[in-house]
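*Asks:* What follows is the residue order along each chain.
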Amino acid sequence: MKTNPGNFFEDLKLGQVIRHAVPRTLTAGDVALYIGLTGSRFALPSSDSFAQSLGYARAPLDDLLVFHMVFGRTVADISLNAVANLGYADCRFGAPVFPGDTLSATSIVIGLKENSNKETGVVTVRSTGVNQWDETVLDYIRWVMVRKRDKAAPAPEAVTPDLPAEVGVQDFNVPASLDLDDYDPTLAGSPHIWDDYAVGERIDHVDGMTLEESDHMTATRLYQNNAKVHFNQHSEAKGRFGRRLIYGGHIISLARALSFNGLANAFRIAAIHGGRHVNPSFAGDTIYAWSEVTGKSELPGRGDVGALRLRTIAAKDHPCTDFPKAGGDGKYPEPVVLDLDYSVLMPRGRLGGHRGR
Amino acid sequence: MKTNPGNFFEDLKLGQVIRHAVPRTLTAGDVALYIGLTGSRFALPSSDSFAQSLGYARAPLDDLLVFHMVFGRTVADISLNAVANLGYADCRFGAPVFPGDTLSATSIVIGLKENSNKETGVVTVRSTGVNQWDETVLDYIRWVMVRKRDKAAPAPEAVTPDLPAEVGVQDFNVPASLDLDDYDPTLAGSPHIWDDYAVGERIDHVDGMTLEESDHMTATRLYQNNAKVHFNQHSEAKGRFGRRLIYGGHIISLARALSFNGLANAFRIAAIHGGRHVNPSFAGDTIYAWSEVTGKSELPGRGDVGALRLRTIAAKDHPCTDFPKAGGDGKYPEPVVLDLDYSVLMPRGRLGGHRGR
Amino acid sequence: MKTNPGNFFEDLKLGQVIRHAVPRTLTAGDVALYIGLTGSRFALPSSDSFAQSLGYARAPLDDLLVFHMVFGRTVADISLNAVANLGYADCRFGAPVFPGDTLSATSIVIGLKENSNKETGVVTVRSTGVNQWDETVLDYIRWVMVRKRDKAAPAPEAVTPDLPAEVGVQDFNVPASLDLDDYDPTLAGSPHIWDDYAVGERIDHVDGMTLEESDHMTATRLYQNNAKVHFNQHSEAKGRFGRRLIYGGHIISLARALSFNGLANAFRIAAIHGGRHVNPSFAGDTIYAWSEVTGKSELPGRGDVGALRLRTIAAKDHPCTDFPKAGGDGKYPEPVVLDLDYSVLMPRGRLGGHRGR
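The listed protein sequences derive, respectively, from chains A, B and C. Mapping of the first sequence onto UniProt numbering: position 86 corresponds to residue 86, and the numbering continues sequentially without gaps. Mapping of the second sequence onto UniProt numbering: position 355 corresponds to residue 355, and the numbering continues sequentially without gaps. Mapping of the third sequence onto UniProt numbering: position 250 corresponds to residue 250, and the numbering continues sequentially without gaps.
Honestly, the hints are just simulated from the structure, not real lab data. Please read these numbers as outputs of a predicted model, since none were measured by experiment. Honestly, I wouldn't trust all of these hints.
Because identical chains cannot be distinguished in the list, a pair is counted as satisfied if it fits within a single copy or across any two copies.
Unchecked claim - As a list, the in silico DMTMM-like pairs of lysine to aspartate or glutamate whose alpha-carbon atoms are at most 25 angstroms apart:
#1 Lys118 - Asp339
#2 Lys228 - Asp339
#3 Lys228 - Asp11
#4 Lys13 - Asp179
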């Protein structure tokens, strides 16, 4: 058989290393299309001159564009036969990626646990994206529920890896060349810097973005993510939802893009501690988002930049003025589609006199 | 409050200068997406070799792409609380923009006039886009009707600026390096040059382009224009039209792209004297356009290039064989959506023997 | 009349050479958008590093992107008044195209035959695309049925050119610099190389892609193909199908993109021997594809690369598990939309030890 059936649960072995196919050169074309599909307005990936004012050679790619590109590489090997994408953890953004860089990805299987129904099992992998100099640009754990090809295939020894509850501040990648002396909040779009946010503060990002089939498919194709459920209305019409399911990563991107209104100075995502796609999204849904500041950290040796830990929640067809979230029973109200726990970098302190200008 | 509520009428002061957020580096990615979204076929922004034959270092960006990018910067500060975008005037295209250039924008408030209902007022601004060397690439006046936050807020002294009826030919930016000796009309797509057009001539651009939600939203997101009415079906369903309103600039771009069929040698827009979005456009509408030549001008010191003043009118679901336009009462027939008064540059004279080849 | 009515049958003369308008610089923006619109995952056009491992200076553009760009140039002159695009033959891909190259196109009329109804005639042209150094990047024959302006116009002497049944292997362009010693099938996405395919083998490409209006229009606009039937719902509503017809080339691109699953190492299209759009496609259709290996050829002087001749058939709303094709009567089952006869290059032999890694 010449086609790739993808790996089933019993095809994956603990410790197995998978080199994923199709290295991908990222370009200004990907950058433009990412802005066109998400409406993201963060200044750092939008502007060479702004990036240069922070010590970058030029504008690095949006962190989530990098995430989706690395994730896209892994799909054919890890989640082609997945029933559900269960979660992310320990996701660290590494070396910045610039137009012209080529990303490749590998994964190692770090957990395998057959489900009691013997029809599926949970696979946990650590996936790593590197650039053409083999520098790590992204590193994350993902666990997915994968079908077995053969219910009778013997179960492997169950291994559920310990997942870190968070990425430690000491593991955040802060480029040595980063220099916020000339950071200009006005150009970035908000006067509010790290110092101005309080733990417990909640921010309704106000705006909404309606999803179209063409948009989410174009985004997902751009990432060369070939999960079938996103593209094939003919088969999905007979499937679980009767419709094409939107790649969860597109929802993360929209939530981040919406969060510009309230978090414009969050110039970089340092880490994703955890994330869950709580409900599916479909074309026609309008995505709203809100964020809670769940932590504030100084960064070792840096007086000019701090980290905010955020919980960003996206909901569909439901403005987030009431800050919808999981209840005490861990259950989410129906409109919630995403619960993302992550940390961003934000300027702090005096900022070379630009503050309030 | 961390989110940006936008400026209300009473927040803006006469003479106030606003530095807009998010400088934007324009790239080959934006160029490709602009062609993909509009179908524009003008040779100058399509081709490095054609541009070089005219004395440019490489293909400059489409003038309207530059316009939308500068306009996009201004929305969050000027028109987030606008009820209506009333008009444009005195719009001059300056230094050509090339891939890699970074544009920033500022606006100065030049007019304020509260409406008699005390709920809104007319704000007039002059907005300027500059490149990374602070050269002006675009300069225009726009007036919008903006909501007041508080009906009781005192009215400022009413100032309605004198708006020039046109941009004078002497203010058209014609690069000194422009050299039309090797201009090849065949490659540009039409044998008809400046000499061939007559004042009063009407041109039906024949073709039509149907609008899709995904297309106009992608265009508007690309420009980082965050006006809410374009993106949020959930809220617009309850709004004035029950639907997402299409960014008027996208209609201008489609009209210009359609005008290639009849005006292929109009290689540059020199100025927009005025423009009005007469009716709203929505997904599903098909845009047609026609143009009238309303003036012809020689340019000081140039025998190889002239200016045509054009009135381009776009209509929806209505082929322009009957040249729809405003009647004597100033009222437009229902299908008309755009009335644009502008000047283009076009080669004239012998053209180094290419004529008619 | 300033607009271009396109050529009618009687406007074209045997031997006439047409220089098509609008040279087009291809960029990383076009590459990204092509991936976004088709989901293509072939490694060579996706990755500079992969391309460099094969001896290219950087990633060349996807062969079909080049095809569509050259084809797009020809539409305004050749097929604006076409009733039907009848077929392709003798299509050879030449010098690789890289971002920054500018393509121009010319056509020569090699066949003219009026139909017996005197309302249309068959026009056959050879179209050639060249880069800025006048190197041929693509060369193909196309024949179309074109309307007459005037039924009474006299018929030209009927000339039906002999069309080659295939492009000979000796005419395949294999860059001298191509070096497959370091070709890595794992990175390309499949362990199956030339040696592993057998004549007569049939491959169901499994996956399906649903067509959206926005996607096919954006693709076709990107190529600056201005055939009216693809864009104007207002007029097409009254037309033959009541809907916008999708550019057949977009279906070819989707079929090729889908064929990655089963033919990932087919790194280059060398030639298209023939092709027919058997049925029209519309938004909402889901495209599936399958391929038959119809030939295998060694290439003169090369032990590292071979050619596979393929028949790729695309069908709509019909998974290709039953390998639908024309019956003995030459008639195609209704779901079939495309029958493409072409040759691809694929690595063969030892591959520097990468095989099976």
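*Asks:* Report the numbers of all earlier hints that the structure fails to satisfy, in ascending order.
*Replies:* The structure conflicts with hints 1 and 4, although it agrees with all the remaining ones.
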